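Number of protein chains: 2
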Amino acid sequence: MALGEAEADLAIINGSVVNVYNGEVEKASVLTKGDRIAYVGSDVGKAIGPSTKVIDAEGKTLIPGLIDGHTHIDGPYSISEIVKYAIVGGTTTIITETSDVGSPLCYQGVIQFLRSAQNQPIKIFITAPPLVTLSPVTEEHATTVPQLRKLLRRKDVLGLGEVYWGDVVNGNQRVLGLIAETLRQGKKVEGHSAGASGKKLQAYASSGVSSCHEPINAEEVRERLKLGLFVLIREGMVRRELEAIAPIKDDDAVTNRMAISTDGVAPEQLINNGYMEFVVQKAINLGFKPVRAIQMATLNVARHFAIDDEIGGIAPGKYADITVIPDLKTIKAEYVISNGRVIAHNGQLLIQPRKHRYPRSMLNTVHLDRDFTADDFAIPAEGRQARVRLIDQVTNLVTREAFINMPVTGGQLKTDAGQDIIKVAAIERVYGTGKRFNGLIRGLGLKKGAMAATDVWDCGDIIVAGADEADMALAVNRIKELGGGIVVSAGGRIAAEMPFRVAGTISTESMETLADKFDRIQRAAAKLGAKSTDFALTLATLPSPAIPFLRICSSGLFNLKTNRFVDLIVE
Amino acid sequence: MALGEAEADLAIINGSVVNVYNGEVEKASVLTKGDRIAYVGSDVGKAIGPSTKVIDAEGKTLIPGLIDGHTHIDGPYSISEIVKYAIVGGTTTIITETSDVGSPLCYQGVIQFLRSAQNQPIKIFITAPPLVTLSPVTEEHATTVPQLRKLLRRKDVLGLGEVYWGDVVNGNQRVLGLIAETLRQGKKVEGHSAGASGKKLQAYASSGVSSCHEPINAEEVRERLKLGLFVLIREGMVRRELEAIAPIKDDDAVTNRMAISTDGVAPEQLINNGYMEFVVQKAINLGFKPVRAIQMATLNVARHFAIDDEIGGIAPGKYADITVIPDLKTIKAEYVISNGRVIAHNGQLLIQPRKHRYPRSMLNTVHLDRDFTADDFAIPAEGRQARVRLIDQVTNLVTREAFINMPVTGGQLKTDAGQDIIKVAAIERVYGTGKRFNGLIRGLGLKKGAMAATDVWDCGDIIVAGADEADMALAVNRIKELGGGIVVSAGGRIAAEMPFRVAGTISTESMETLADKFDRIQRAAAKLGAKSTDFALTLATLPSPAIPFLRICSSGLFNLKTNRFVDLIVE
Numbered sequence: 045m046a047l048g049e050a051e052a053d054l055a056i057i058n059g060s061v062v063n064v065y066n067g068e069v070e071k072a073s074v075l076t077k078g079d080r081i082a083y084v085g086s087d088v089g090k091a092i093g094p095s096t097k098v099i100d101a102e103g104k105t106l107i108p109g110l111i112d113g114h115t116h117i118d119g120p121y122s123i124s125e126i127v128k129y130a131i132v133g134g135t136t137t138i139i140t141e142t143s144d145v146g147s148p149l150c151y152q153g154v155i156q157f158l159r160s161a162q163n164q165p166i167k168i169f170i171t172a173p174p175l176v177t178l179s180p181v182t183e184e185h186a187t188t189v190p191q192l193r194k195l196l197r198r199k200d201v202l203g204l205g206e207v208y209w210g211d212v213v214n215g216n217q218r219v220l221g222l223i224a225e226t227l228r229q230g231k232k233v234e235g236h237s238a239g240a241s242g243k244k245l246q247a248y249a250s251s252g253v254s255s256c257h258e259p260i261n262a263e264e265v266r267e268r269l270k271l272g273l274f275v276l277i278r279e280g281m282v283r284r285e286l287e288a289i290a291p292i293k294d295d296d297a298v299t300n301r302m303a304i305s306t307d308g309v310a311p312e313q314l315i316n317n318g319y320m321e322f323v324v325q326k327a328i329n330l331g332f333k334p335v336r337a338i339q340m341a342t343l344n345v346a347r348h349f350a351i352d353d354e355i356g357g358i359a360p361g362k363y364a365d366i367t368v369i370p371d372l373k374t375i376k377a378e379y380v381i382s383n384g385r386v387i388a389h390n391g392q393l394l395i396q397p398r399k400h401r402y403p404r405s406m407l408n409t410v411h412l413d414r415d416f417t418a419d420d421f422a423i424p425a426e427g428r429q430a431r432v433r434l435i436d437q438v439t440n441l442v443t444r445e446a447f448i449n450m451p452v453t454g455g456q457l458k459t460d461a462g463q464d465i466i467k468v469a470a471i472e473r474v475y476g477t478g479k480r481f482n483g484l485i486r487g488l489g490l491k492k493g494a495m496a497a498t499d500v501w502d503c504g505d506i507i508v509a510g511a512d513e514a515d516m517a518l519a520v521n522r523i524k525e526l527g528g529g530i531v532v533s534a535g536g537r538i539a540a541e542m543p544f545r546v547a548g549t550i551s552t553e554s555m556e557t558l559a560d561k562f563d564r565i566q567r568a569a570a571k572l573g574a575k576s577t578d579f580a581l582t583l584a585t586l587p588s589p590a591i592p593f594l595r596i597c598s599s600g601l602f603n604l605k606t607n608r609f610v611d612l613i614v615e
Numbered sequence: 045m046a047l048g049e050a051e052a053d054l055a056i057i058n059g060s061v062v063n064v065y066n067g068e069v070e071k072a073s074v075l076t077k078g079d080r081i082a083y084v085g086s087d088v089g090k091a092i093g094p095s096t097k098v099i100d101a102e103g104k105t106l107i108p109g110l111i112d113g114h115t116h117i118d119g120p121y122s123i124s125e126i127v128k129y130a131i132v133g134g135t136t137t138i139i140t141e142t143s144d145v146g147s148p149l150c151y152q153g154v155i156q157f158l159r160s161a162q163n164q165p166i167k168i169f170i171t172a173p174p175l176v177t178l179s180p181v182t183e184e185h186a187t188t189v190p191q192l193r194k195l196l197r198r199k200d201v202l203g204l205g206e207v208y209w210g211d212v213v214n215g216n217q218r219v220l221g222l223i224a225e226t227l228r229q230g231k232k233v234e235g236h237s238a239g240a241s242g243k244k245l246q247a248y249a250s251s252g253v254s255s256c257h258e259p260i261n262a263e264e265v266r267e268r269l270k271l272g273l274f275v276l277i278r279e280g281m282v283r284r285e286l287e288a289i290a291p292i293k294d295d296d297a298v299t300n301r302m303a304i305s306t307d308g309v310a311p312e313q314l315i316n317n318g319y320m321e322f323v324v325q326k327a328i329n330l331g332f333k334p335v336r337a338i339q340m341a342t343l344n345v346a347r348h349f350a351i352d353d354e355i356g357g358i359a360p361g362k363y364a365d366i367t368v369i370p371d372l373k374t375i376k377a378e379y380v381i382s383n384g385r386v387i388a389h390n391g392q393l394l395i396q397p398r399k400h401r402y403p404r405s406m407l408n409t410v411h412l413d414r415d416f417t418a419d420d421f422a423i424p425a426e427g428r429q430a431r432v433r434l435i436d437q438v439t440n441l442v443t444r445e446a447f448i449n450m451p452v453t454g455g456q457l458k459t460d461a462g463q464d465i466i467k468v469a470a471i472e473r474v475y476g477t478g479k480r481f482n483g484l485i486r487g488l489g490l491k492k493g494a495m496a497a498t499d500v501w502d503c504g505d506i507i508v509a510g511a512d513e514a515d516m517a518l519a520v521n522r523i524k525e526l527g528g529g530i531v532v533s534a535g536g537r538i539a540a541e542m543p544f545r546v547a548g549t550i551s552t553e554s555m556e557t558l559a560d561k562f563d564r565i566q567r568a569a570a571k572l573g574a575k576s577t578d579f580a581l582t583l584a585t586l587p588s589p590a591i592p593f594l595r596i597c598s599s600g601l602f603n604l605k606t607n608r609f610v611d612l613i614v615e
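Order-wise, the sequence lines are chains R and H. Letter 276 of the first sequence, counting from 1, is numbered 320 in the numbering used here, and no numbers are missing. Letter 435 of the second sequence, counting from 1, is numbered 479 in the numbering used here, and no numbers are missing.
Keep in mind the hints are simulated off the structure, nothing from the lab. Among the hints, erroneous ones may be present.
A pair holds if it fits inside one copy or across any two, identical chains being indistinguishable in the list.
Heads up, simulated BS3-like pairs for lysine-lysine below, C-alpha to C-alpha not over 25 Å straight-line [as the list claims (entries may be wrong)]: (1) Lys458 - Lys575; (2) Lys71 - Lys373; (3) Lys77 - Lys244; (4) Lys244 - Lys71; (5) Lys333 - Lys270.
Small disclaimer: the values here were computed from a predicted structure and weren't measured.
Make the full structure from the sequences, and use the hints.
Structure below.
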């Protein structure tokens, strides 16, 4: 076809084409055949024939389809919902972690997610979850080297997902084994070095990790690049760093080796702002050169993952993944082309994402052998007073350890709303082990009621926190009925709820319904007194080893500084 | 170790370290453990202990071990001879084509080469040979998709070797199948687009090739980069383009996506100039910024092949492959460290390359069922005159087609030294097929004698050219006795010879002996009248489809422009 000996399937003519390889913009036509680009240039010859679909892009600009290089789309939305938002905004490739579905269901969850991601109108690649967890139950089922080997042999698996630096530097042998296997197969080990610097960062880099998406300022970016790490800047749900990083915008040696990504986007953000197009637009608004902002969301990502022979630029031989925008500074998709097909036009889907039918095994993952009662959340103690180790919630996400003396009443430790001390429990729900643990937490703000959730990070537990044990039981029992989700209860009634029927972490409802329900959940929690501006996220992160420093799982309290389980009652 | 909790194995202290990631040079110490770098910085703490080997690099500069990203070391020297020259000059990684050993022995030859390259003091990676050939015999044994799949699963196989653009654009189905399989496995397809431009180049790029090492000027470099191809500049045996490319030296967007390589180095060049250190030095002398010249021979190559997580820079986690040089502008290895071991010091080997014992199957590859006589080179013809298609040798390498009328004498076409027309024959020697072809060639210059060789490109033939049929037979018979090699004969005697006992393409002699014998061969050929300044190379390239345009193999004459076999006698 490039030789002019065959007709093009699609011709996008007269536009300005952003060449991410040499950084130039030139007037050219793009011809495609099947799912690939065959020709980019001014001499279309006889390639436009009766069967050629022609898009006149006069006055418009063509950029490669956007790539999100680090995100989490394996929940809370179903695959078809997030793909919709990708399509209309001009994102044609998503590279996602799979820890949300991997944490409860491990290898089988990842396989099921891969099935859901196949045959979609855009490309979805994953990184396999290392499943760094506090929970011995999850650890027992976590990714093994033979499982990882199978996953890495697939073309849609680009490497090992974010391995938190603490576990690597502490020498977790299973995780080091996964890293070694990934390097053996020549694929990427994605890093996560939040807060590491100096020798600790060098020790972490020594393990073979290839990237970090956690730098929060220009200095952290430079320190990581210098060590040979690729850097992805986050602008998404949990953190937004583009503005803090912007001082680096004119340092070409740096921005050449950098990408922008979301690290996960909340439903409400998708609805209000859009997806990767918002991130690229923001970079441009902050003063990044437009072509560089586009490179950071296309070619640079593709090069990092060594998939740049197939995507990331508008050139012959690459997949025909192209987004047509009004001009270089306005990242608003007018046409979106993926695999040579026009999949969206002016915000309208022309091709629907495939709705995935999840198998029964994914729909039945909350295994509790009976209903809970208030008594299940009792914390027995001896004597008249006990010295207690509290989880002390100091930000939406960060906790520390606090020790206080509490009275023992009727052989139990009770919540103390006056001191903002309430109960928190972790209940293993995937494997039916019956394992659970009750602890105490300070600083959540709840004066009454409870919230329970199954969409928690890095293990397969239900986390429930409450000022009232009967409401805690009610929330957990409702979660059991729903087959997973988030439930807020108060005064013996359900105040708000959202089901996550798939794996306990994925909703099958529409993005709009999801955003609405998240909003209701947060408002219900706030009514109970919750201080966190995202109480569902606060609860979900309590079992995560990624965030400092006293955490909880169904096996107990875990101190990340000393890397061990610690007692609730210390004397 | 990076944490300062263990002793370093090797500490290179007080040197200036070239950081290829950010382009800066900083005073730092490098600590290694095992085969890896563990720390780069100023705080060595307690890492230097009684068991640490210390190199004081005060006043010196540390650069990553050099990488040759495109070359041919599968002949004519044995692996241990080329590795010697790599070591003393500071080259710690070689990425080589395997067509020299692959052309005669196909898959088995590649497997044997890989064995010879294992457990050497430096790293050797290969690309698998597509074996683009004119010869139907070689084609029958050429790389299949299942063989390629096996090769590509190996970590030391980085992709598919140079696929000549003509065959791709002409739609050779076997070759297109090999490309598809390589892309499926996420590895690189190395390109070879000499002379292609415009639509033909775009058609070639459409196939999925990732690079080209053939541009001969700045414009060709830019045209390829724009299409998303990685560019390697050659400075070696067959061609030297650095000087012509130099005008591009300050265009950072270009030099970031470019490498320098040798594409093969002759023994005499290795002895007189050295290996990759000569190429980097020449780039610096031509005005490339020294750090950029070093990047083009280290990080840029590693990134192209997606092995930059392990080599290409001095950073924690990378292999400890380091060359210590006097200063940034003087690429002269004082210490060479590979896999954490000091392997050379001031031009002296401290670790010997492993001498490979080639198996019997590699030592017995010239299969001729009988001795040849002058009569075997007769060209029968009818009538009194014939119109003949000549190979017309117009440069050392390039041929074209010429038609002349020749007298038929005694039922034969004879050589005509007056018009510089002599005999040329191709004899299949690997599979014992007995296939052979006699033709006529003009412009070689031989007035008497003959030369025969087995180290020919892209097939498993003996090529013999001569002004005298008896000398042609003598040369071929001597090759049979030697088990492969190059032989010059004249007046019934052997004038010069060099054996290539291994595969008919590899000598087991020392580099110095090889250089000396190549020199003797050339002088003997010149004495016979040979015009080529490298007559052995001229002969070796006659069956190659990589060079225009009338070529020869044991099945006949092949016209590359029409892509078909053509007759010697046309009417």
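These are the hints, each one checked on the structure:
1. When the C-alpha separation of Lys458 and Lys575 is checked against a cutoff of 25 Å, the pair qualifies only within one copy, where the shortest distance is 21 Å, while the shortest distance between copies is 101 Å.
2. Within a single copy, Lys71 and Lys373 get their C-alpha atoms as close as 16 Å, which meets the 25 Å cut-off; across copies the closest is 42 Å, which misses it.
3. Taking identical chains as interchangeable, the C-alpha atoms of Lys77 and Lys244 lie at most 25 Å apart only when they sit on different chains, with a minimum of 16 Å there against 50 Å within one chain.
4. With identical chains, the CA atoms of Lys244 and Lys71 are at most 25 Å apart between copies only, with a shortest distance of 20 Å across copies and 49 Å within one.
5. Taking identical chains as interchangeable, the C-alpha atoms of Lys333 and Lys270 lie at most 25 Å apart whether they share a chain (23 Å) or sit on different chains (19 Å).
Consistency note: the structure conflicts with none of the earlier hints.
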